[in-house]
Amino acid sequence: MGQANVGKSAFFNRLTGAKVAESNYPGTTVDFTKGHMLFQGEYVDLIDVPGTFSLQPKDKAEEVAVKMLGEEKEALVICIIDASKVERGLYLALEIIEKGYPVIIALNMWDMAKSVNVKVDTEKLEQILGVPVVPTVATRGEGFKELVSRMGQAAPVTIEEIIRSVGNSSRTHH
Amino acid sequence: MWEIAVELTIDQRWDLVDRIAKETIEVGAYEPTLRDTLADVTVKPLTGIPFAIAVIYGFWMFFSGFAGFFTDGFFVKIFDVHFLPWIQSVFPGKGTWLYFIFVGDPSAETCFESFGVLTSGLFLPIGVVLPAIVAFYLVFAFLEDVGYLPRLAVLVDGVLHKIGLHGYAIIPTILSLGCNVPGVTACRPLESRKQRFMMITLLGVFIPCAAQIGMMEGLIPHLIGWVFLTLAIGYFAVGFILNKVWPGESPEILMDVPPYQKPTWRNIGRKMGTRTSHFLMEAVPFFLLGCLIVAVMYLTGAMDWLGNALAPALTGVFGVPEETVAPLVAGFLRKDLAIGLLGGIELTTWQMFTSVVLLCIYFPCLATFALMLKEEKWKEFLATMLVLVVTVFVFGGLLNLIGIGLGIA
Amino acid sequence: MGNRSTFGSVYFAIFGFMVLALGIVELVVVSTGGMEGASWGPLEMGGMLLWWRAIILVFAGLIYLSSVNNFLDVRQLGKSVIASIMIWIVAGMEIWARIAGSIPGGPEEGTPWFNPEFLATYGPPYMPEIYLLPLSLVILYFVGRRKKQGRLS
Ligand SMILES: Nc1nc2c(ncn2[C@@H]2O[C@H](COP(=O)(O)OP(=O)(O)OP(=O)(O)O)[C@@H](O)[C@H]2O)c(=O)[nH]1
Ligand SMILES: [Mg+2]
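Chains as they are written, first to last, in the working numbering: chain A, 1343 to 1516; chain B, 4 to 412; chain C, 6 to 158.
Hints are computed from structural coordinates only; laboratory data are not their basis.
To give a feel for the contact side, a few chain B residues facing chain A, derived at Cβ under 8 angstroms:
hint, residue
1, G150
2, I174
3, L193
Lysine to aspartate or glutamate pairs mimicking EDC-like chemistry, simulated, CA-CA at most 20 angstroms apart:
hint, chain 1, residue 1, chain 2, residue 2
4, A, K1400, B, E252
5, A, K1441, B, D18
6, B, K25, A, E1502
7, A, K1400, B, E194
Glycine included, every Cβ here is placed at the ideal spot set by N, Cα and C.
Model the full assembly from the supplied sequences, consistent with the hints where possible.
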């Protein structure tokens, strides 16, 4: 899951070898696609969904994504965030974490973030959220080995834990 | 839907996001690059509109050059000079119904005129439409990949607002110029029911697909500009009226304009591959089927009967001869086939023009029709069909009147 | 180092005027001579879409002229880059049309599949955009120089 145009379909094609359309504008994908990927020696289902801003769908494409999440209660969610616009993606990620899904976060477009001089401290982010955070470049496949190998570490965390750990690491304010 | 232990309010969640972001993100100094200024000057109207004109010009020139190279340069020759005489002479049983169905008119000199399943039915999809589809998607995939489309959306935002649509609507519209099916599905990101209904209706009625455009380019290259102009006038006029009469609102959509990027050839190649194979697998059978149905209807006399039945409307209202009933029938399956079949009928220039415009609007092809049923509620669907019927008669009648008025009908 | 380049400013001021002038001539041709067009020695104007080309040239010329002040500033450079791209599109498509038109042998029976005299179709007269193409490539030098100065594209 992730916002529009962050590279979800590029991710999906990489991981499953599918041929879903990727284009450089929001709203390319308007329906879900299922595919299979190799994970820990066996094939598991992976689903590509349309982009959504939040879990309160505003249009029919977002509805598809949110409904899919609601139906797949057992799912592990790969949350894809545009590394140059982390805040927005983080909002959706928190929402999904709150629902109790095990989440792994991919900071995609890492190359773009670098070229606009935005730096994200992945280790600290990982500490605060308590879920794996992996920088990736979906178009070139960078970070995918690490992503797949760490998918097993995704586990549900509660929002209180997150609030507590932000508190810890930012004793200076609030 | 979910069982949740704690739920944050929206504000609390944003607050948490802010705190996390403060801890982990560092935004460094950054000076705009040439890429950023290009992004900027191509959306500013003063520089962006001229640039868009150049892009559309380039799109068209590439498209017509590419299609012309394959169709007029090679396929016409292969089919008309070599394949047609050959199959006319080797196919057994000249004069039988089997011959009529598969080869068509034994005296035909071009595959536009013969109407047979193995002649027109193969020549039209492979010789005419395939090059057009490949050419269209080559440029389109390139523009998609570079990230030009959302900028076009920003540029036309003002114009489309006049008919209650948002600039984003240009994306489904351009997609529809490739094929109406993905165009209609691309309406899903539109927020309100009203906008979706309006868009689906306008796309289904007024936007010809690349296959149709390719066929027009093969058949009436000198008229194509007028056809586009007529359809564009219809698009805006009907959009304007619908916006006034259909209840509902047209909220603003905030659209992100992503930065330009270098096109990835692998991605473009992949899209080309899926689109071309999709066309070969799904469209060619429909061409064959369409030719088959038309031939059988001729043989059984059903076509003549239908032609007579519809003659008052066809000749009376639209001013086209009743033979155009065959393309009309084929058009239910595929509109490009229908336009191709016009090539075998004797028409004046004005009649040709009217017929092409009418074929473009009178019915969305079968695939689009089925999709509309799925995407729209019943009420909306019926309204779309009503718009369609009214438009056909108003447009057809007006064109006929204009033709008579100008003395060229 | 400032954002001034006397060479760039002067060059694209002259070039911009040239583009604009040719665009205006095309406009005049299209509105008087119609689609038949006109030709002077190695220069020709005509064809179905001359209207479009005329408009594109006029705008490209104006955009060049608006970019000459403070030429090396990214915002200004961006303008002359898109003006150049506009010329490349038109000229590139003309070259493409010529190549695509030159290869097939002809539609009639008995003609060869490929045109044996295809090189002859590349000779003059050319439309103005073809002459403007090489002159507009100078912009690449300025873009390249920016890149070399260590700034990202
Ligand atoms: N530079 C860079 N570009 C990327 C990366 N990942 C994807 N892209 C490009 O970003 C664009 C969007 O990718 P998509 O996969 O279509 O995005 P999406 O999230 O599926 O978008 P929607 O379906 O519209 O929600 C494409 O043009 C990709 O080529 C990346 O890591 N780096
Ligand atoms: Mg997608």
